[in-house]
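Can you build the whole structure from these sequences, using the hints too?
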Amino acid sequence: PGTKGRELIGHGGWYPGYQTAAYISPKEKLGVIVFANSLDANPYPGTPLSITDRIFSWVAPAVGKARKGRNVPEPPFAWKRLTGVYRSLWSDIHILPLEGKLMLIDPTIPDPKSAAMTLEPVSQGIFRLEGNNGYWELGEPVVFEAGDDGYASAVKVGENTFMRVAYPVQK
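Just so you know, the sequence shown maps onto residues 1 to 171 in this note's numbering.
Hints are all accurate, no fakes.
Listed next, the in silico DSSO-like pairs over lysine-lysine satisfying Cα-Cα at most 30 Å (straight line):
no., residue 1, residue 2
1, Lys-113, Lys-65
2, Lys-113, Lys-4
3, Lys-27, Lys-65
4, Lys-65, Lys-101
5, Lys-4, Lys-29
6, Lys-4, Lys-68
7, Lys-29, Lys-68
8, Lys-113, Lys-80
9, Lys-27, Lys-113
10, Lys-68, Lys-80
11, Lys-113, Lys-29
12, Lys-101, Lys-4
13, Lys-65, Lys-4
14, Lys-27, Lys-4
15, Lys-68, Lys-113
16, Lys-101, Lys-156
17, Lys-101, Lys-29
18, Lys-113, Lys-156
19, Lys-101, Lys-68
20, Lys-80, Lys-156
21, Lys-101, Lys-113
22, Lys-29, Lys-65
23, Lys-80, Lys-65
24, Lys-80, Lys-101
25, Lys-68, Lys-27
Here are the simulated distance ranges between beta carbons:
no., residue 1, residue 2, range
26, Glu-140, Lys-27, 37 to 45 Å
27, Ala-66, Thr-118, 16 to 24 Å
28, His-11, Arg-81, 40 to 48 Å
29, Asp-40, Gly-10, 16 to 24 Å
30, Glu-140, Gly-13, 40 to 48 Å
31, Phe-77, Tyr-18, 35 to 43 Å
32, Lys-68, Leu-39, 36 to 44 Å
33, Pro-168, Pro-107, 19 to 27 Å
34, Tyr-18, Lys-65, 29 to 37 Å
35, Pro-73, Tyr-18, 36 to 44 Å
36, Thr-118, Ser-91, 18 to 26 Å
37, Pro-73, Asp-40, 36 to 44 Å
Keep in mind the hints are simulated off the structure, nothing from the lab.
All C-beta atoms, glycine included, are put in the ideal place defined by N, C-alpha and C.
In structure tokens:
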């Protein structure tokens, strides 16, 4: 999907337990480098679920728009307190601004962007899912729980609770 119609120059490599791919699109002046410590990562263009294809498909248009000076509106500050990675026993979800909307994305499905769901505000900290992707229920409630710092510590999607993943910051 992401590399169709693109002339790419690059090379991939493999060593037990690791895979790499580095490709550039001279016309777009864009390069993609993928390092994977997994034998099932699919970093090579044209392979099923290719990471390189998806990066070119999703990132190249955004880079092109940025180069043309298209201004993307700054997301509302309140969204900063909600965005992040959330984890349950069964899966992770990402809450992030995308194309001017607050979105829920499941990074484990084959094409997360195509299955992204919009979070429509209902009241403070309460949203409902909009969109129809076959992975989540349309209109399902999404309720954020605030931690002591004012940032969301958890999110409940329908009956499933996801805890925010905190990544340590190196100083």
